[in-house]
Every structure is written in structure tokens, then in C-alpha cells.
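Chemist: First residue of the sequence shown? That's -19 in this note's numbering, and the numbers climb one at a time after it.
Hints were generated in silico from the structure; no laboratory data involved.
In this text, a Cβ means the ideal position worked out from N, Cα and C, and glycines have one as well.
Among the clues, some could well be false.
Derived pair list, reagent style EDC-like, types lysine to aspartate or glutamate, alpha-carbon separation capped at 20 angstroms [what the hints assert, rightly or not]: (1) K45 / E(-5); (2) K45 / D23; (3) K45 / E21.
FRET-style restraints, in silico, Cβ to Cβ [claimed, not checked]: (4) R47 / S(-7): 26 to 36 angstroms; (5) D(-19) / L33: 19 to 29 angstroms; (6) P(-3) / D23: 32 to 42 angstroms; (7) P(-4) / R49: 39 to 49 angstroms; (8) P(-4) / D19: 37 to 47 angstroms; (9) D(-19) / V26: 34 to 44 angstroms; (10) R49 / V26: 18 to 28 angstroms; (11) L42 / D19: 14 to 24 angstroms; (12) F36 / T5: 12 to 22 angstroms; (13) S(-1) / D19: 41 to 51 angstroms.
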Amino acid sequence: DQLHVTYDQTVISFEPPPSPWVLWTTAVEAAGGTGRFADAELDGVVWSGGMNLLTFETRSRLDGKIRLR
């Protein structure tokens, strides 16, 4: 089973100096799927994360609900 998602606009921000982190956040929408996710809807799903410009460490989080029909 697969859930395909899409996003449109991403908001990018910077933590105050001297932090090397760049942060992002974007709303995610369902764009189709297979199996049990074929007719799924996303409710308030947000993808957020960041990247450390010195170490290239990245963090990512998806938060929200998936509604199955």
C-alpha cells in the first residue's frame, strides 16, 4: 500500500544567530494511493524540518491525520 503526497508552498526560516539551522514547514495533501490508501484524505498534515548548514544534519517530521474510507 502506498500513499502519494504533494505540497505547494514551503516556508523557510532561520533561527537567530549563532544557530546554523535553516527550518522549513509546508502543508501536505494526498495525491493518490494504492490499496488501503487509494481514497485516503489527509487532515492537517504538516511536514516540517530543518538542516544544519555546518554539519548538513537534517531533521524531518510529518504530523497530522490520515482518513481512510
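Chemist: Are F36 and T5 spaced within 12 to 22 angstroms by their CB atoms?
Modeler: For T5 against F36, whose Cβ atoms are near 20 angstroms apart, the range 12 to 22 angstroms holds.
Chemist: Against the range 14 to 24 angstroms, how does the distance between the Cβ atoms of L42 and D19 compare: consistent or not?
Modeler: For L42 and D19 the Cβ distance comes to about 20 angstroms; the hint holds.
Chemist: Has the hinted range 26 to 36 angstroms been met by the Cβ atoms of R47 and S(-7)?
Modeler: At 30 angstroms between Cβs, range holds.
Chemist: K45 and E(-5) were given as a pair; does the straight-line alpha-carbon distance stay at or below 20 angstroms?
Modeler: 28 angstroms, violated
Chemist: Go ahead and decide if the range 41 to 51 angstroms is satisfied by the Cβ distance of S(-1) to D19.
Modeler: This hint holds: roughly 42 angstroms between Cβ atoms.
Chemist: Cβ-Cβ distance between D(-19) and L33: within 19 to 29 angstroms?
Modeler: 37 angstroms, violated
Chemist: Given the hinted pair K45 and E21, is their Cα-Cα distance within 20 angstroms?
Modeler: The given pair, whose Cα atoms are some 8 angstroms apart, holds under the 20 angstroms limit.
Chemist: Tell me if the beta carbons of R49 and V26 are separated by a distance inside 18 to 28 angstroms.
Modeler: 22 angstroms, holds
Chemist: Could you see if the CB distance from P(-4) to D19 stays within 37 to 47 angstroms?
Modeler: Once the Cβ atoms are compared, 44 angstroms apart, the range 37 to 47 angstroms for D19 and P(-4) holds.
Chemist: With respect to the beta-carbon atoms only, verify the hint that D(-19) and V26 lie 34 to 44 angstroms apart.
Modeler: 22 angstroms, violated
Chemist: Is 32 to 42 angstroms right for how far apart the beta carbons of P(-3) and D23 are?
Modeler: 37 angstroms, holds
Chemist: Measuring from beta carbon to beta carbon, are P(-4) and R49 in 39 to 49 angstroms?
Modeler: 44 angstroms, holds
In summary, the numbered hints that this structure violates are 1, 5 and 9.
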